[in-house]
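**Q** Residues per chain are reported as follows:
Protein chains: 2
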Amino acid sequence: MSETTPAAGRPRALDLTGLHPSLADPVLDAMNFLNEVVARFPDALSFAPGRPSEGSFATEDLARYLRIYTEHLERELGWSADRVRTQLFQYGRTNGIIHDLIARTLANDEGIHVAPESVVVTTGCQEAMLLVLRALFARPEDTLLVSSPCYIGATGAARLLDIAMRPVPEGPDGPDPEAVLEGVRRTRAAGGRPRALYIVPDFANPSGASMTLAARERLLEIAAQEDLLILEDNPYGFFVRVGTPRPTLKALDRERRVLHLGSFAKTALPGARVGYVVADQEVIGPAGERSLLADQLSKIKSMTTVNTSAVSQAVVGGLLIDSGCRLREANAAAIAFYRANLNTLLAELDRHFPAERRDALGVDWNRPDGGFFLVVDVPFLADAKALEHSARNFGVLWTPMSDFYLGGGGESRLRLSCSSLTPDQITEGVSRLAAFITAQAAEAGR
Amino acid sequence: MSETTPAAGRPRALDLTGLHPSLADPVLDAMNFLNEVVARFPDALSFAPGRPSEGSFATEDLARYLRIYTEHLERELGWSADRVRTQLFQYGRTNGIIHDLIARTLANDEGIHVAPESVVVTTGCQEAMLLVLRALFARPEDTLLVSSPCYIGATGAARLLDIAMRPVPEGPDGPDPEAVLEGVRRTRAAGGRPRALYIVPDFANPSGASMTLAARERLLEIAAQEDLLILEDNPYGFFVRVGTPRPTLKALDRERRVLHLGSFAKTALPGARVGYVVADQEVIGPAGERSLLADQLSKIKSMTTVNTSAVSQAVVGGLLIDSGCRLREANAAAIAFYRANLNTLLAELDRHFPAERRDALGVDWNRPDGGFFLVVDVPFLADAKALEHSARNFGVLWTPMSDFYLGGGGESRLRLSCSSLTPDQITEGVSRLAAFITAQAAEAGR
Numbered sequence: 001m002s003e004t005t006p007a008a009g010r011p012r013a014l015d016l017t018g019l020h021p022s023l024a025d026p027v028l029d030a031m032n033f034l035n036e037v038v039a040r041f042p043d044a045l046s047f048a049p050g051r052p053s054e055g056s057f058a059t060e061d062l063a064r065y066l067r068i069y070t071e072h073l074e075r076e077l078g079w080s081a082d083r084v085r086t087q088l089f090q091y092g093r094t095n096g097i098i099h100d101l102i103a104r105t106l107a108n109d110e111g112i113h114v115a116p117e118s119v120v121v122t123t124g125c126q127e128a129m130l131l132v133l134r135a136l137f138a139r140p141e142d143t144l145l146v147s148s149p150c151y152i153g154a155t156g157a158a159r160l161l162d163i164a165m166r167p168v169p170e171g172p173d174g175p176d177p178e179a180v181l182e183g184v185r186r187t188r189a190a191g192g193r194p195r196a197l198y199i200v201p202d203f204a205n206p207s208g209a210s211m212t213l214a215a216r217e218r219l220l221e222i223a224a225q226e227d228l229l230i231l232e233d234n235p236y237g238f239f240v241r242v243g244t245p246r247p248t249l250k251a252l253d254r255e256r257r258v259l260h261l262g263s264f265a266k267t268a269l270p271g272a273r274v275g276y277v278v279a280d281q282e283v284i285g286p287a288g289e290r291s292l293l294a295d296q297l298s299k300i301k302s303m304t305t306v307n308t309s310a311v312s313q314a315v316v317g318g319l320l321i322d323s324g325c326r327l328r329e330a331n332a333a334a335i336a337f338y339r340a341n342l343n344t345l346l347a348e349l350d351r352h353f354p355a356e357r358r359d360a361l362g363v364d365w366n367r368p369d370g371g372f373f374l375v376v377d378v379p380f381l382a383d384a385k386a387l388e389h390s391a392r393n394f395g396v397l398w399t400p401m402s403d404f405y406l407g408g409g410g411e412s413r414l415r416l417s418c419s420s421l422t423p424d425q426i427t428e429g430v431s432r433l434a435a436f437i438t439a440q441a442a443e444a445g446r
Numbered sequence: 001m002s003e004t005t006p007a008a009g010r011p012r013a014l015d016l017t018g019l020h021p022s023l024a025d026p027v028l029d030a031m032n033f034l035n036e037v038v039a040r041f042p043d044a045l046s047f048a049p050g051r052p053s054e055g056s057f058a059t060e061d062l063a064r065y066l067r068i069y070t071e072h073l074e075r076e077l078g079w080s081a082d083r084v085r086t087q088l089f090q091y092g093r094t095n096g097i098i099h100d101l102i103a104r105t106l107a108n109d110e111g112i113h114v115a116p117e118s119v120v121v122t123t124g125c126q127e128a129m130l131l132v133l134r135a136l137f138a139r140p141e142d143t144l145l146v147s148s149p150c151y152i153g154a155t156g157a158a159r160l161l162d163i164a165m166r167p168v169p170e171g172p173d174g175p176d177p178e179a180v181l182e183g184v185r186r187t188r189a190a191g192g193r194p195r196a197l198y199i200v201p202d203f204a205n206p207s208g209a210s211m212t213l214a215a216r217e218r219l220l221e222i223a224a225q226e227d228l229l230i231l232e233d234n235p236y237g238f239f240v241r242v243g244t245p246r247p248t249l250k251a252l253d254r255e256r257r258v259l260h261l262g263s264f265a266k267t268a269l270p271g272a273r274v275g276y277v278v279a280d281q282e283v284i285g286p287a288g289e290r291s292l293l294a295d296q297l298s299k300i301k302s303m304t305t306v307n308t309s310a311v312s313q314a315v316v317g318g319l320l321i322d323s324g325c326r327l328r329e330a331n332a333a334a335i336a337f338y339r340a341n342l343n344t345l346l347a348e349l350d351r352h353f354p355a356e357r358r359d360a361l362g363v364d365w366n367r368p369d370g371g372f373f374l375v376v377d378v379p380f381l382a383d384a385k386a387l388e389h390s391a392r393n394f395g396v397l398w399t400p401m402s403d404f405y406l407g408g409g410g411e412s413r414l415r416l417s418c419s420s421l422t423p424d425q426i427t428e429g430v431s432r433l434a435a436f437i438t439a440q441a442a443e444a445g446r
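Taken in order, these protein sequences are the chains called A and B.
Following this note's numbering, the numbering of the first sequence begins with 1 at its first residue and continues without gaps.
Following this note's numbering, the numbering of the second sequence begins with 1 at its first residue and continues without gaps.
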């Protein structure tokens, strides 16, 4: 492939086909397309974005959290004003400056007990994903198993690094350990090396599904048996609708097979871009030298972002200190908000589509135990064209599920997110959605 | 290679040899080693880190800049308080929210006139490097030329992405266009495709060298002739010691062959982690559809960090607004400080090593026109062992130059940085360094 060669003095253009293949990939395009549709129809009610509610956040809180953090350094740790200044101004520790506060919070909120040195503070959970994938995947045969449908931040990062992937179909209770075992075996049979599995055990994006406790234990057993690492992503775990919170895989992990990825985007504020990964695995070098996987990730981080913004870490640090390192309690109002929203969404779907009508139309949806998302099966193609029609003529936006499947699937499913709407908006939005679905179903002959 | 397989129930360890090869690379190790030595000898005077002076920065400035930025949105742009809150709290535009302020500043400071949409705001310049390398390098034969010695942030990022590199030797005036041309031809002869050249035209890290205006023009000519993109990294351009600032390659670029990478780490504050890349190249898709390279980088950024911290962008945005988008003027005190420091460093070297003594010992150094760095040639191996000896017994730290060469070189050269020392520390530091060099030279028989 040759690039367009311009006449001398003319601006040079680049051929898209000469750029990295991920740029032509529908997974990366999907996010941009969604953003663009949302922007083009600003008056549509949107079940599309998984953005958190802004709750009681006020702009002034940023300065307040900064102050809480610096006062913590000065008063509780006895730092001089100069040292505080350097901490905020200067380059700093690659793996972060609030790792200790995060470790304390994980112990309080999740019963995850790890040394602060195992925690790598990252520029959002997305960077954590990138660091982990880069460290663990070395050779072309190294394969990432992903529960399917899968969050596109995971598959997209893997594509950036040209990592081989194998989708593992989710069951109604999320990732299915026996399907994972089958995926491991098929990967090996095809000459691949199953290196790690990416999953969201609680209220997954996009499906909303959650693993049972028994499935969590069985998955850890399989991981041990098959020498598989688990990349556990946990952005929504706090937001329980029914039942009680289940232990994370990391809290159950006795063999250090789980890398636990976390985010403050949903429980604090997305704009700070602070996430983390717990990487307490031991790494043994060729001469027997020992280090933590977190230390290895640090080398990679120095080549991706050098540091996570000290200003952002200070804001999140202040927020953690303000909560006594008990973020779950500090999220009580948010938990109640999302619970009510998901209940409203389910009730409105029930109201517009009672059981008989559901069967007649070929419409159905799942009932997640928590989180931001649920999935609706519809009797028509839920693709980009349908989305545009829905936005333009019915004033309602959603996300096509097919974007979340590797290698096909979900063509007649759509994801609804209720995290950033008010109850009234949900009520009105479902009413518009019902009109859209009914019209489309009629066109499809239902 | 098989991983260590533990007995059931025992924590699992990972073999370093099974992780990505970049983790075993000396380039990535070098940074960590340096940090570790600096930490182990806290009382040594350090010419090692390229960190900026903290100048007149005060912790309270963070809140002040935040306020300036939010007041700008409310008063000048007429935004509601709610909209300002969303801007700071929420996920936002992938390519950043202060791209317009950066474009205005580049026009004022550098005579670089580009549409704000060409500017991608990144988590430090390091992320800009990663995005650009990922977008441009698609196939194994795509080769990155790097001026050698080279900043390890560039070579390290390329290694993370398994990108082939070819070093191009620097001359006394920095990157040498004819050597670049030779490198292009050799790359082609070896079956590679010379895709881009990474350089720091002004006061390079590590050499301190700068390209003449004539060399800049010739390099652009060669880039046009050979269809080569130029990745211009410009962290130190403001900090002129002698003479007047020279135009950046981007300011001279009429064919959009230059991607201009910038950083606020040296001219504002490193802790915010805000950098950018100007990517105004046009990209043409298979069906003839046109986009900006900046738009393509956006897709990649959504898989590396999603957004640059809105909090950090607001701080840097406030600082830019406060300076009237004239950062060069706002850096007048910093420019004077670094100029004085580099002059002091040169004067002290001259004092300890007058010409005769220099010749007798086999010691020499360059005289950069600005920036943070200079390079000393010494008559002994300037390696990690020598550095430890220097720190322990002479109380002075520096950086081995060999870390900056791809494929060997610089074994008897050391880099001195004078950016974060006071004049008194420089005077004392050179005195210690002279004692160290003299002792080592004596041992080497000089």
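These aren't lab readings, by the way, just hints derived from the structure by calculation.
Don't take each hint at face value.
Partial list, computed: chain A residues near chain B (C-beta under 8 Å) [claimed, not checked]:
| # | residue |
| --- | --- |
| 1 | Leu14 |
| 2 | Glu71 |
| 3 | Gly124 |
| 4 | Arg273 |
| 5 | Gln281 |
| 6 | Gly285 |
| 7 | Leu293 |
| 8 | Ala336 |
| 9 | Arg339 |
| 10 | Asn343 |
Where chain A lies over chain B, by a calculated footprint (3+ residues, C-beta under 8 Å) [what the hints assert, rightly or not]:
| # | stretch |
| --- | --- |
| 11 | 79-91 |
| 12 | 153-160 |
| 13 | 262-273 |
| 14 | 341-353 |
| 15 | 422-433 |
Label-pair ranges, simulated between beta-carbon atoms [as the list claims (entries may be wrong)]:
| # | chain 1 | residue 1 | chain 2 | residue 2 | range |
| --- | --- | --- | --- | --- | --- |
| 16 | B | Pro11 | A | Asp162 | 24 to 32 Å |
| 17 | B | Ala115 | A | Gln425 | 30 to 38 Å |
| 18 | B | Pro354 | A | Glu76 | 51 to 59 Å |
| 19 | A | Gly288 | B | Arg185 | 28 to 36 Å |
| 20 | B | Glu255 | A | Ala39 | 28 to 36 Å |
| 21 | B | Pro140 | A | Gly407 | 55 to 63 Å |
| 22 | A | Gly408 | B | Ala287 | 21 to 29 Å |
Ideal placement from N, C-alpha and C gives every residue a C-beta, glycine not left out.
**Q** Hint by hint, note whether the structure agrees.
**A** Status of the hints after comparison with the structure:
Evaluation of the Leu14(A) hint against chain B yields a held restraint, the C-beta minimum of about 5 Å falling below 8 Å. A least Cβ separation of about 11 Å between Glu71(A) and chain B goes past the 8 Å threshold, and the interface hint is therefore violated. With a least beta-carbon distance of about 5 Å to chain B, the hint placing Gly124(A) at the interface is held under the 8 Å criterion. For Arg273(A), the suggested interface contact is upheld, since its CB lies about 4 Å from the closest CB of chain B, less than 8 Å.
Proximity of Gln281(A) to chain B holds as hinted, the smallest CB-CB distance being about 5 Å (cut-off 8 Å). Interface restraint check for Gly285(A): the shortest CB-CB distance to chain B comes to about 4 Å, inside 8 Å, so the restraint holds. A least Cβ separation of about 6 Å between Leu293(A) and chain B falls short of the 8 Å threshold, and the interface hint therefore holds. Taken as an interface hint, Ala336(A) does not check out: its beta carbon lies about 19 Å from the nearest beta carbon of chain B, beyond 8 Å.
The restraint placing Arg339(A) at the interface with chain B is violated, with a minimum CB-CB distance near 21 Å, outside the 8 Å limit. The interface hint given for Asn343(A) is violated, since its Cβ lies 24 Å from the closest Cβ of chain B, which is over the 8 Å cut-off. Judged by the Cβ-Cβ criterion of 8 Å, the stretch 79-91 of chain B is covered by chain A as claimed, because 9 of its residues qualify and three suffice. Under the rule that three or more residues need a Cβ within less than 8 Å of chain A, the assignment of the stretch 153-160 of chain B holds, with 5 such residues.
Note: the stretch 262-273 of chain B has 6 residues with beta-carbon separation from chain A under 8 Å; the three-residue rule is met and the coverage holds. Counting residues of the stretch 341-353 of chain B whose CB falls under 8 Å from any CB of chain A gives 0; the rule of at least 3 is not met. Counting residues of the stretch 422-433 of chain B whose beta-carbon sits less than 8 Å from any beta-carbon of chain A gives 0, not enough to reach three: the coverage restraint is violated. In this structure, Pro11(B) and Asp162(A) meet the distance hint of 24 to 32 Å, their C-beta atoms being roughly 30 Å apart.
At about 35 Å, the CB distance of Ala115(B) to Gln425(A) agrees with the hint of 30 to 38 Å. Taken as a hint, the range 51 to 59 Å holds for the pair Pro354(B) and Glu76(A), whose Cβ atoms sit roughly 53 Å apart. Take Gly288(A) and Arg185(B): their Cβ atoms lie about 45 Å apart, and the range 28 to 36 Å is violated. At about 32 Å, the beta-carbon gap between Glu255(B) and Ala39(A) stays in the expected band of 28 to 36 Å.
Checked against the hint of 55 to 63 Å, the pair Pro140(B) and Gly407(A) fails, with Cβ atoms roughly 25 Å apart. The hinted window of 21 to 29 Å between Gly408(A) and Ala287(B) holds, with their beta carbons roughly 23 Å apart.
Of the hints listed earlier, those the structure fails to meet are numbers 2, 8, 9, 10, 14, 15, 19, 21, in rising order.
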